[in-house]
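Peer 1: As a plain string of letters, each chain reads:
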Amino acid sequence: MTGDDDTPARQPLAPVSGLSGLRRFTPARIALGRPGAALPTKDALTFMHDHARARDAVHVPLDFDALAADLAALGLASVRVASAARDRTEYLRRPDLGRKLAPESRSRLEVLAAERLATPADIIVVAADGLSSLAVAENGPPLIARLMPLFREAGRSLGPIVLVAEGRVAIGDEIGEVLKARIVIMLVGERPGLSAADSLGAYVTYAPHVGRSDAERNCISNIRAAGLPVADAATDICALVDAALNHELTGVALNSALTAAKLIGGS
Amino acid sequence: MSYGTTLDGTRWVFPDLKSLMACASPARSGDELAGIAADSAIERVAAQMALADLPLKVFLAEELIDYETDEVTRLIVDSHDAVAFAPVSHLTVGEFREFLLDSETSAVDLAGLAPGLTPEMAAAVSKLCRIQDLVAVAAKTQVTTGFRNTLGLPGRLSTRLQPNHPTDDSRGIAASLIDGILHGAGDAVIGVNPATDRLEDYIRIVTLLDDIRLTLGAPIQSCCLGHVTTAIEAINRGAPVDLVFQSIAGSEKANRGFGVDLKVLDEAYAAGLALKRGTIGANVMYFETGQGSALSADAHFGVDQQTMEARAYAVARRYRPLLVNTVVGFIGPEYLFNGKEIIRAGLEDHFCGKLLGLPMGCDVCYTNHAEADQDDMDTLLTVLSAAGVTFVIVVPGADDVMLNYQSLAYHDVGFIRRTLKKPGAPEFDAWLRQSGFDSAPGAARPITDAALAPALRYLEGLSA
Numbered sequence: 022m023t024g025d026d027d028t029p030a031r032q033p034l035a036p037v038s039g040l041s042g043l044r045r046f047t048p049a050r051i052a053l054g055r056p057g058a059a060l061p062t063k064d065a066l067t068f069m070h071d072h073a074r075a076r077d078a079v080h081v082p083l084d085f086d087a088l089a090a091d092l093a094a095l096g097l098a099s100v101r102v103a104s105a106a107r108d109r110t111e112y113l114r115r116p117d118l119g120r121k122l123a124p125e126s127r128s129r130l131e132v133l134a135a136e137r138l139a140t141p142a143d144i145i146v147v148a149a150d151g152l153s154s155l156a157v158a159e160n161g162p163p164l165i166a167r168l169m170p171l172f173r174e175a176g177r178s179l180g181p182i183v184l185v186a187e188g189r190v191a192i193g194d195e196i197g198e199v200l201k202a203r204i205v206i207m208l209v210g211e212r213p214g215l216s217a218a219d220s221l222g223a224y225v226t227y228a229p230h231v232g233r234s235d236a237e238r239n240c241i242s243n244i245r246a247a248g249l250p251v252a253d254a255a256t257d258i259c260a261l262v263d264a265a266l267n268h269e270l271t272g273v274a275l276n277s278a279l280t281a282a283k284l285i286g287g288s
Numbered sequence: 383m384s385y386g387t388t389l390d391g392t393r394w395v396f397p398d399l400k401s402l403m404a405c406a407s408p409a410r411s412g413d414e415l416a417g418i419a420a421d422s423a424i425e426r427v428a429a430q431m432a433l434a435d436l437p438l439k440v441f442l443a444e445e446l447i448d449y450e451t452d453e454v455t456r457l458i459v460d461s462h463d464a465v466a467f468a469p470v471s472h473l474t475v476g477e478f479r480e481f482l483l484d485s486e487t488s489a490v491d492l493a494g495l496a497p498g499l500t501p502e503m504a505a506a507v508s509k510l511c512r513i514q515d516l517v518a519v520a521a522k523t524q525v526t527t528g529f530r531n532t533l534g535l536p537g538r539l540s541t542r543l544q545p546n547h548p549t550d551d552s553r554g555i556a557a558s559l560i561d562g563i564l565h566g567a568g569d570a571v572i573g574v575n576p577a578t579d580r581l582e583d584y585i586r587i588v589t590l591l592d593d594i595r596l597t598l599g600a601p602i603q604s605c606c607l608g609h610v611t612t613a614i615e616a617i618n619r620g621a622p623v624d625l626v627f628q629s630i631a632g633s634e635k636a637n638r639g640f641g642v643d644l645k646v647l648d649e650a651y652a653a654g655l656a657l658k659r660g661t662i663g664a665n666v667m668y669f670e671t672g673q674g675s676a677l678s679a680d681a682h683f684g685v686d687q688q689t690m691e692a693r694a695y696a697v698a699r700r701y702r703p704l705l706v707n708t709v710v711g712f713i714g715p716e717y718l719f720n721g722k723e724i725i726r727a728g729l730e731d732h733f734c735g736k737l738l739g740l741p742m743g744c745d746v747c748y749t750n751h752a753e754a755d756q757d758d759m760d761t762l763l764t765v766l767s768a769a770g771v772t773f774v775i776v777v778p779g780a781d782d783v784m785l786n787y788q789s790l791a792y793h794d795v796g797f798i799r800r801t802l803k804k805p806g807a808p809e810f811d812a813w814l815r816q817s818g819f820d821s822a823p824g825a826a827r828p829i830t831d832a833a834l835a836p837a838l839r840y841l842e843g844l845s846a
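Heads up: the sequence lines are chains L and D, in that order. Mapping of the first sequence onto the numbering used here: position 159 corresponds to residue 180, and the numbering continues sequentially without gaps. Mapping of the second sequence onto the numbering used here: position 290 corresponds to residue 672, and the numbering continues sequentially without gaps.
Quick caveat, the hints were computed from the structure, so don't treat them as lab data. Owing to the predicted nature of the structure, the values given are computational and were not obtained by experimental measurement. Positions of the beta carbon are idealized from the N, C-alpha and C atoms, including for glycine. Check the hints yourself; a few may be wrong.
[Unchecked claim] On the chain D side, residues computed to face chain L include the following (Cβ under 7 Å): (1) G684; (2) H793; (3) P808.
[What the hints assert, rightly or not] Quick list of the computed label-pair ranges, beta carbon to beta carbon: (4) H268(L) to F640(D): 27 to 33 Å; (5) A90(L) to E649(D): 22 to 28 Å; (6) R800(D) to A73(L): 26 to 32 Å; (7) D108(L) to S485(D): 31 to 37 Å; (8) E649(D) to H70(L): 44 to 50 Å; (9) G248(L) to T764(D): 45 to 51 Å; (10) D648(D) to H230(L): 37 to 43 Å; (11) H230(L) to T388(D): 45 to 51 Å; (12) R839(D) to L171(L): 55 to 61 Å.
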């Protein structure tokens, strides 16, 4: 396959590493060197480091005490619950269990609703570990800190922050239903990639109740320092909440309503 | 009709064919999630024993998903070739395994048999196969397809170059593409997963890929992996579409979840064929599949995920595709939990695809919440190579920065050529040599100025 004499003379332009100028066009791992057919040791170890960070984001438990303390420092009460998934392995194997509350957690929220939330709050913010504890630990408190003054300005009432262990997005529906919230904002750690292990997602659902589909919520994703900064995310979430309360819906239908309003407004 | 067997004095009964198939499936998280897996190792082997004694013909008499309500079942039943089936029509599933492994059974025999096999028969026999069996039988099959080069020739292994970019930036895609060519990747297809499904982006991406192909003068084909309806619209607007792509699954309901049915696939196939862009072959379709997609769409009807996957191949083969691959570890740990499950599933999918006559490839991949790592991918690649896989997907440094998962790396092309000793498509390898990009058995290390400069100049001229 090699060494046939008919091919034009080969004039090496540069080693492949000389193409590193291409790297400015993409975050992809291009123009890496090649000992034999393999990655250079340095690049191989960088890859393993990135994978280790992503694995730890999935598997290192969220420090709920530290999270509650961060929120308390902001003057915010929080309540801790758990999904029906008993541990991380069950969470990964059984997405259905991560979407519903453990029975004792549901009872705790029912008591809370009866005793302390006689007048239901407009907004319930829920923070769940999801697939990245790192995302929630790093971005959760700063985002909530940015959201609070915006909600106060808009005159929205806010219930206690609900912190969920082993939770997926749809568990916010049950929490919002029990607490009779008009809107639930679900903050959840997104599936980590090699380049970003700390992405937080925010899902806004109007009139949350068990059985809401993903098409009935709006999502703002990639919330992290090197992605969508928390200040911008907070502004976006507040705009979504305003629109949702105004139109009394979220999801694909809200997008359509906003598009229609824009068309009418522009004509 | 119920099925059963007696094992150590215990009578095991399976109420219907789909529960027998599910219980006979090697363990995996998706079947457990669906609540259809065997409850114990003994129950699993009892089901495998009952399945081994089952005549193949039973699969023609008992449907796993209702004929009246599912067009994939209708496709399977109505397109079954009884003449092709005749040589194995008298066998049980267990005897069929031995027939496939028999040294007297040749590539020609297997190719002739393919139209006579249903996906359920292929899935059933795979459940009785160890990994070595899956490799040995698949290695005997030969499925050759062509567009601008020839894929699937014996002893060769092609690659899809996947130069994805998080925002579909033209220069970002071009930079990754050029780097991949330098590794000798891309003979199967240059295929971009777009970040959006907007028509204008689709047209921009296929035009970009075609421009680079023409600049390089390479015998390759390209594809933007947007939705078929987007592809049809782009074709109507005169865009240079080589391959028409779609994700497919094994039931009508699951396909509706992907926004397609056979009618729209028929339309897309006709539109792709009409362009006549292939120079040496007219295989114009590219499909991706993956175990768990039907379950995730709640469209599995109690059928195990591996059988659902094989049913997707019935959809694929209707369109004589250039390429089909399972995205085996992409769908998540709730369907394939760890490296062991991913490796087995990748080999099952390849085996079933090849038995059914498809040019089967594999996206050797995993996500960060699966119990898997690059060691598992190295193992799967090496075993798939022994099984004669048609193609695998490679991305820069094994890290797809758009889809956020890990596949094989461009570097693995060098491993495939040097260590596994598999050259690529002959036309592509000849072009690599003639252009001064080195080729098999070594990777494309030395680059000539003349070969690369036009592509780099093209890239410099692009706007973001």
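Peer 1: Okay, which hints does this one fail, numbers in order?
Peer 2: Result: hints 1, 3, 5, 7, 9 and 12 break, sorted rising.
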